[in-house]
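Trainee: Knowing the structure of chain V, use the given hints to seat chain P on it.
Line order of the protein sequences matches chains V and P. So the first sequence is numbered by full-length UniProt numbering: it starts at 1 and just counts up by one. So the second sequence is numbered by full-length UniProt numbering: it starts at 1 and just counts up by one.
Please note that the accuracy of each hint is not assured.
If chains are identical, the list can't say which one is meant, so a pair holds when it fits in one copy or spans any two.
[Stated by the list, open to error] DSBU-like cross-link-like pairs, simulated, lysine-lysine; straight-line CA separation at most 30 Å:
hint : residue 1 : residue 2
1    : Lys28     : Lys153
2    : Lys28     : Lys128
3    : Lys128    : Lys22
4    : Lys153    : Lys291
5    : Lys11     : Lys291
6    : Lys145    : Lys28
7    : Lys11     : Lys153
8    : Lys28     : Lys11
9    : Lys153    : Lys22
10   : Lys291    : Lys22
11   : Lys11     : Lys145
12   : Lys145    : Lys176
13   : Lys172    : Lys22
14   : Lys128    : Lys172
15   : Lys176    : Lys28
16   : Lys128    : Lys291
17   : Lys128    : Lys153
18   : Lys176    : Lys153
19   : Lys22     : Lys176
20   : Lys145    : Lys22
21   : Lys128    : Lys176
Hints were generated in silico from the structure; no laboratory data involved. From a predicted model like this one, the values you see are computed outputs, not experimental measurements.
Residue strings, one per chain:
There are 2 protein chains.
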Amino acid sequence: MSENGEFGYIKDRLAPLAAGFKGALELKDDAALLSVRSGRELVITADTLVEGRHFPEGTDPALAARKALRVNLSDLAAMGARPVAYMTNIVWPAGATDALRGGFADGLAVDQEAFAITLIGGDTTSAKGPWVIAVTAFGEVPAGKAITRSGAKPGDCLVVTGTIGDACLGLKVETKEYQPSADDRAHLLERLQLPMPRLALADALHAHAHAAIDVSDGLIADSGHLATSSGLSLEIDLDVLPLSEAAHRWLDNQDDTQAARLALASFGDDYELACAVPQARVDTFTAELRKAGLRATVLGAFSSGDTVTVVSGGTPIEHGAGGFTHF
Amino acid sequence: MSENGEFGYIKDRLAPLAAGFKGALELKDDAALLSVRSGRELVITADTLVEGRHFPEGTDPALAARKALRVNLSDLAAMGARPVAYMTNIVWPAGATDALRGGFADGLAVDQEAFAITLIGGDTTSAKGPWVIAVTAFGEVPAGKAITRSGAKPGDCLVVTGTIGDACLGLKVETKEYQPSADDRAHLLERLQLPMPRLALADALHAHAHAAIDVSDGLIADSGHLATSSGLSLEIDLDVLPLSEAAHRWLDNQDDTQAARLALASFGDDYELACAVPQARVDTFTAELRKAGLRATVLGAFSSGDTVTVVSGGTPIEHGAGGFTHF
Numbered sequence: 001m002s003e004n005g006e007f008g009y010i011k012d013r014l015a016p017l018a019a020g021f022k023g024a025l026e027l028k029d030d031a032a033l034l035s036v037r038s039g040r041e042l043v044i045t046a047d048t049l050v051e052g053r054h055f056p057e058g059t060d061p062a063l064a065a066r067k068a069l070r071v072n073l074s075d076l077a078a079m080g081a082r083p084v085a086y087m088t089n090i091v092w093p094a095g096a097t098d099a100l101r102g103g104f105a106d107g108l109a110v111d112q113e114a115f116a117i118t119l120i121g122g123d124t125t126s127a128k129g130p131w132v133i134a135v136t137a138f139g140e141v142p143a144g145k146a147i148t149r150s151g152a153k154p155g156d157c158l159v160v161t162g163t164i165g166d167a168c169l170g171l172k173v174e175t176k177e178y179q180p181s182a183d184d185r186a187h188l189l190e191r192l193q194l195p196m197p198r199l200a201l202a203d204a205l206h207a208h209a210h211a212a213i214d215v216s217d218g219l220i221a222d223s224g225h226l227a228t229s230s231g232l233s234l235e236i237d238l239d240v241l242p243l244s245e246a247a248h249r250w251l252d253n254q255d256d257t258q259a260a261r262l263a264l265a266s267f268g269d270d271y272e273l274a275c276a277v278p279q280a281r282v283d284t285f286t287a288e289l290r291k292a293g294l295r296a297t298v299l300g301a302f303s304s305g306d307t308v309t310v311v312s313g314g315t316p317i318e319h320g321a322g323g324f325t326h327f
Numbered sequence: 001m002s003e004n005g006e007f008g009y010i011k012d013r014l015a016p017l018a019a020g021f022k023g024a025l026e027l028k029d030d031a032a033l034l035s036v037r038s039g040r041e042l043v044i045t046a047d048t049l050v051e052g053r054h055f056p057e058g059t060d061p062a063l064a065a066r067k068a069l070r071v072n073l074s075d076l077a078a079m080g081a082r083p084v085a086y087m088t089n090i091v092w093p094a095g096a097t098d099a100l101r102g103g104f105a106d107g108l109a110v111d112q113e114a115f116a117i118t119l120i121g122g123d124t125t126s127a128k129g130p131w132v133i134a135v136t137a138f139g140e141v142p143a144g145k146a147i148t149r150s151g152a153k154p155g156d157c158l159v160v161t162g163t164i165g166d167a168c169l170g171l172k173v174e175t176k177e178y179q180p181s182a183d184d185r186a187h188l189l190e191r192l193q194l195p196m197p198r199l200a201l202a203d204a205l206h207a208h209a210h211a212a213i214d215v216s217d218g219l220i221a222d223s224g225h226l227a228t229s230s231g232l233s234l235e236i237d238l239d240v241l242p243l244s245e246a247a248h249r250w251l252d253n254q255d256d257t258q259a260a261r262l263a264l265a266s267f268g269d270d271y272e273l274a275c276a277v278p279q280a281r282v283d284t285f286t287a288e289l290r291k292a293g294l295r296a297t298v299l300g301a302f303s304s305g306d307t308v309t310v311v312s313g314g315t316p317i318e319h320g321a322g323g324f325t326h327f
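For reference, chain V alone in the conformation it holds in the complex:
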């Protein structure tokens, strides 16, 4: 790497990603400027991916970049926010190649166009350790209208978007523990590597949902966060867990399908939204999601109390922590 490596990389590869956003100051300054329109407030989220922990060593750097962006956009989606901009704090691993650094910028370029956001700043350094990609993402909502975890009300239904468990199986594919057909392999890997933040649901969430969370730590754990934050109990029916066709094919070959469903509902990395929706609005909410090409499944209901119960075959089952822990 040349003596001027960082400045050259920022100028040649990152600054173009900030073009057209005046407050990014061409990435030349100490900080970025961000205006918030009257009547709006800023929604800010920060998530970090570490090589070897959140994605395997040797991952295509463009995919790593895109996943780092998408998991942050998913947090904005859960709040019903419209994404605006993002920053990246990168720790390059020792000996990072031009291919790694170039691929990273390429990945950001693809997804920032796909999601209409702009890089506005950040920081790069390097260290003897794994590659670290920290992203901070900025969105906006009408002031006072952000959808939080704590708004669920007794009687609300737990509605989950899309399908659950594909990322769990994608990891089994990645580690060669599961070797399905080429089509299923492609589907499951894409779901793991390129989750789709549900930003298109913002209007439906604002119109119908009392609370929402994105499923990153596991459907049971994250739905449980909705219940806990709202001071409520929640019952989740594992038997109606929405699965993709690829996941159904995997499930058909499992001896203990209940344990298998529980594993899928506990893994996380789905980046679907788990929402609390009043019963009277579930049909409308579901219809609006269908228009967006997304399935919506009623998985359970909130009630007074403070317990999270998972039910299968009509009987409560042991579900443990039900989610990924970070230590």
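Mentor: Chain P only, in chain V's frame:
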């Protein structure tokens, strides 16, 4: 670490740092909310510290936390912003002790009170690698009034606050390359470990400075950024480099004092401000800084052109890159 380690740590140690800031949502949600007052805009900066690179292994974690905050606040200071809030993305090293994690929270607590800011969110994870502390800091300025690097005008003086080179010598103390008196040792280490962001100068900057930057990569390099961003030449007189008494005592024992001054002006980590101030306002600016207990030194002047010249004994000298490179 218990299964519930992260949630427990966030609830017990980090959430109290977010108390009283409504938009932090008690650190329980997917993202934080930040309102910006009418007529203001947000100033956002992100800087990362890595153990073993930006601070030595075994550093008191409270000091590491405080330095991570302060280097970000220094960027806000350079823009003339008032700090409001911050987020942290932490990668704990494998086997991080409760003492490390507790000390980190203790350090944040001390400095967020000192600088009247609040934690509003972030992310923690862990990995087999060095401890990584990424901070994103938020400040505000009157809309359109942020002080950037690019505003210097021909004839402006280069004015630097405080003294330069103490952090360079602090590192020599830390590595035992330099063993001064106990008093000098304490002074130099504090300047390295606990830089003071020059937030108190915001009013003076807004009233008098055309451009500013904080000295993180080296006085010559950073002052050079002011010139380059403003499309100007800059001449810096190394002989008037402002030094602390401790630095003067070190300099007195150097054989090649010109090379020694050049080293101090090239090291960085000073977190003083280098400002472009019109000649007619230098006296007023200096007087206002003196009221804030800070020295101000005129080190050179901007002019038409595109070269950065360092002068000593009236003669231009070779100064190389003059600053820290990040790769």
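Trainee: For every hint, state whether the structure bears it out.
Mentor: Right, here's what the structure says about each hint:
no.: 1; hint: Lys28 / Lys153; in the structure: between (48 Å within a copy, 18 Å between copies)
no.: 2; hint: Lys28 / Lys128; in the structure: within (27 Å within a copy, 33 Å between copies)
no.: 3; hint: Lys128 / Lys22; in the structure: neither (35 Å within a copy, 39 Å between copies)
no.: 4; hint: Lys153 / Lys291; in the structure: within (26 Å within a copy, 57 Å between copies)
no.: 5; hint: Lys11 / Lys291; in the structure: neither (42 Å within a copy, 39 Å between copies)
no.: 6; hint: Lys145 / Lys28; in the structure: between (34 Å within a copy, 17 Å between copies)
no.: 7; hint: Lys11 / Lys153; in the structure: between (50 Å within a copy, 23 Å between copies)
no.: 8; hint: Lys28 / Lys11; in the structure: within (8 Å within a copy, 37 Å between copies)
no.: 9; hint: Lys153 / Lys22; in the structure: between (42 Å within a copy, 21 Å between copies)
no.: 10; hint: Lys291 / Lys22; in the structure: neither (36 Å within a copy, 35 Å between copies)
no.: 11; hint: Lys11 / Lys145; in the structure: between (38 Å within a copy, 25 Å between copies)
no.: 12; hint: Lys145 / Lys176; in the structure: neither (44 Å within a copy, 56 Å between copies)
no.: 13; hint: Lys172 / Lys22; in the structure: neither (44 Å within a copy, 41 Å between copies)
no.: 14; hint: Lys128 / Lys172; in the structure: both (29 Å within a copy, 22 Å between copies)
no.: 15; hint: Lys176 / Lys28; in the structure: neither (45 Å within a copy, 36 Å between copies)
no.: 16; hint: Lys128 / Lys291; in the structure: neither (48 Å within a copy, 44 Å between copies)
no.: 17; hint: Lys128 / Lys153; in the structure: neither (49 Å within a copy, 42 Å between copies)
no.: 18; hint: Lys176 / Lys153; in the structure: neither (43 Å within a copy, 62 Å between copies)
no.: 19; hint: Lys22 / Lys176; in the structure: neither (47 Å within a copy, 46 Å between copies)
no.: 20; hint: Lys145 / Lys22; in the structure: both (27 Å within a copy, 14 Å between copies)
no.: 21; hint: Lys128 / Lys176; in the structure: both (29 Å within a copy, 23 Å between copies)
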